[in-house]
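Let the hints inform the model, and build the full structure from the sequences given.
With our numbering applied, the sequence shown covers 73 to 241.
Watch out, some of these pointers could steer you wrong.
[What the hints assert, rightly or not] Beta-carbon label-pair distances, calculated as ranges:
#1 80 <-> 208: 18 to 28 Å
#2 124 <-> 198: 32 to 42 Å
#3 105 <-> 131: 11 to 21 Å
#4 201 <-> 104: 15 to 25 Å
#5 240 <-> 126: 26 to 36 Å
#6 196 <-> 112: 33 to 43 Å
Hints were generated in silico from the structure; no laboratory data involved.
Where a beta carbon is used, it is the ideal one built from N, C-alpha and C, also for glycine.
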Amino acid sequence: MPTILIVEHGDISDFDGDAIVNAANNHLILGTGVAGAIARRGGPAIQLECDAYVRDHGPIREGEAAVTGSGGLSVDLVIHAVAMGDEPVSRTSIRSATRHAIELARARACQSIAFPILGSGVGGFPFDEAAVLMLEVIRKHTEHWDLPRSVVLYGYTEEQAAALKALLR
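Shown next, in the form of structure tokens:
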């Protein structure tokens with residue numbers, strides 16, 4: 073059964089499902105943007121897990137991802153996908169971070185996962201270009217698998233959600 077792609081408008085930390093993706097930096101510091109929303113809604117437990125992960129494993133390389141619990145969020149997991157770290161956001165880091173997030177969701181049997189458009193906020197990468205890159209990866213890495221069953225792409229603004237819907241057509 074093919075994965076269903078859905079577009080939502082609003083705050084990704086409102087998502088009710090199995091996992092959300094954080095547009096993370098390589099030190100997993102939950103500061104502003106998507107990470108800030110996750111920290112505010114999910115509470116300090118998520119940052120504590122992030123700190124422990126970095127302490128035990130070191131910073132995450134650009135293009136990779138890590139998993140933590142979700143604190144008070146309505147999901148089971150937060151997948152921290154690093155498109156931006158010590159190096160600026162790139163096409164390669166967006167593709168790789170997206171792929172790693174999908175693989176981690178599949179490995180944990182997630183039925184549903186929600187993504188922000190990686191690198192397009194604080195990272196400054198063009199929203200439309202990042203969305204196209206992510207959709208290519210998501211489609212490629214879900215077409216032959218049963219999981220995740222749904223991938224939700226979040227546009228924070230109405231304009232972003234409309235742009236994502238246009239890309240899916």
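Now the hints, each set against the structure:
1. At roughly 20 Å, the beta carbons of residue 80 and residue 208 sit within the given window of 18 to 28 Å.
2. Take residue 124 and residue 198: their Cβ atoms lie about 34 Å apart, and the range 32 to 42 Å holds.
3. As the Cβ distance of residue 105 to residue 131 is approximately 19 Å, the hint placing it in 11 to 21 Å holds.
4. Restraint check, residue 201 to residue 104: a C-beta distance of roughly 21 Å satisfies the suggested window 15 to 25 Å.
5. Checked against the given bound of 26 to 36 Å, the beta carbons of residue 240 and residue 126, roughly 35 Å apart, stay inside it.
6. Taken as a hint, the range 33 to 43 Å is violated for the pair residue 196 and residue 112, whose Cβ atoms sit roughly 22 Å apart.
Against the hints set out earlier in the document, a violation occurs for number 6 only.
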